[in-house]
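Colleague: Given next are the chains, with one letter for each unit.
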Amino acid sequence: MTIYSIIFYLLSVLILVTTALAITRRNMVHAVVYLIFSFFGSAMLFYLFGAPFLAVLEVIIYAGAIMVLFLFIVMMLKVDTGGERLFPLSQWLPAAVCGVLYLVLGIGIVVSDPNSHDALKTARAEPGAFGQYIFQNHWLSIEIISLLLLVAVIGALLLARRSKRPSAQEIPEGE
Amino acid sequence: MIVPFNHVLVLAGLLFLMGIFCVVVRRSLIMILLGVEVMLNAASIILVGASLLWQNLDGQAVVLFVFAIAAAEVSVGLALIVWAYRRAGTVDPENYNILK
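Going line by line, the protein sequences match chains A and B. At position 31 of the first sequence the residue is numbered 31 (the numbering used here), and the sequence of numbers has no breaks. At position 15 of the second sequence the residue is numbered 15 (the numbering used here), and the sequence of numbers has no breaks.
You may find that some hints are simply not true.
Claimed, not checked - Now the in silico label distances, taken between C-beta atoms and shown as ranges:
#: 1; chain 1: A; residue 1: Val17; chain 2: B; residue 2: Leu99; range: 39 to 49 Å
#: 2; chain 1: A; residue 1: Gly128; chain 2: B; residue 2: Val66; range: 19 to 29 Å
#: 3; chain 1: A; residue 1: Ser90; chain 2: B; residue 2: Leu99; range: 32 to 42 Å
#: 4; chain 1: B; residue 1: Lys100; chain 2: A; residue 2: Gly131; range: 16 to 26 Å
#: 5; chain 1: B; residue 1: Val66; chain 2: A; residue 2: Met76; range: 20 to 30 Å
#: 6; chain 1: B; residue 1: Ala88; chain 2: A; residue 2: Gly106; range: 31 to 41 Å
None of these hints come from the bench; they were simulated from the model. A virtual CB, placed ideally from N, CA and C, is assigned to each residue, including glycine.
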């Protein structure tokens, strides 16, 4: 048991507990804040696995941008979660049986696979080397992804815009 | 030596299961989108672990694309939620029953 494995187990417990708390909160602001802690844990896990650049991106994009966007929407919409029902009780049993069955089967397959017993060796991909690798081998994918982001920006703007006719009626009425 | 690879697989599998649970059980579009984020995060944990196992940078490259796609998906998804909220006045998917 090295110091790395202790860090790994601590981080996995942190990630699992905060995610479990996040998905069961009724108050969505609490859920989002718990999930930010979970993503911080994932970022540290990435750093442990030798991906410092991805760890930084996880904090900036996931914990920073995406979760703040969620927080913004949760606070903007008047969402009533007090009366939120979970599953009807009669559907719990089959769902739980299927879920536990898949969980046991999956863990069994993973544990019994001899190839996955190889221990991970510590290594580190320096951000500079990683960037060079990406732009040498995946430059086309980078361009496509940047186009996708542009399309997403335009799509979000179009969707969030108020349609023309109602706003033209509302503005004279003193909105 | 960090840990055997299958411990990473079990961690990511549990995280993915939590994401599925959130998507299936919660009755709010925002929480459903949050569950999708948890699942994407679990997938990227596996990819980074596999990239370390085989000492190959391709796994980390795919994680970069996953991040970009997650950002695009969330921005469009939240815009759609706002749009649907304006139309129906609710984010409970059970109330979107105009075709019934």
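Colleague: If a hint holds in the structure, say so; if it doesn't, say that too.
Modeller: Quick rundown of the hints versus the structure:
no., hint, result
1, Val17/A to Leu99/B: 39 to 49 Å, "holds, 41 Å"
2, Gly128/A to Val66/B: 19 to 29 Å, "holds, 21 Å"
3, Ser90/A to Leu99/B: 32 to 42 Å, "violated, 26 Å"
4, Lys100/B to Gly131/A: 16 to 26 Å, "violated, 52 Å"
5, Val66/B to Met76/A: 20 to 30 Å, "holds, 27 Å"
6, Ala88/B to Gly106/A: 31 to 41 Å, "holds, 38 Å"
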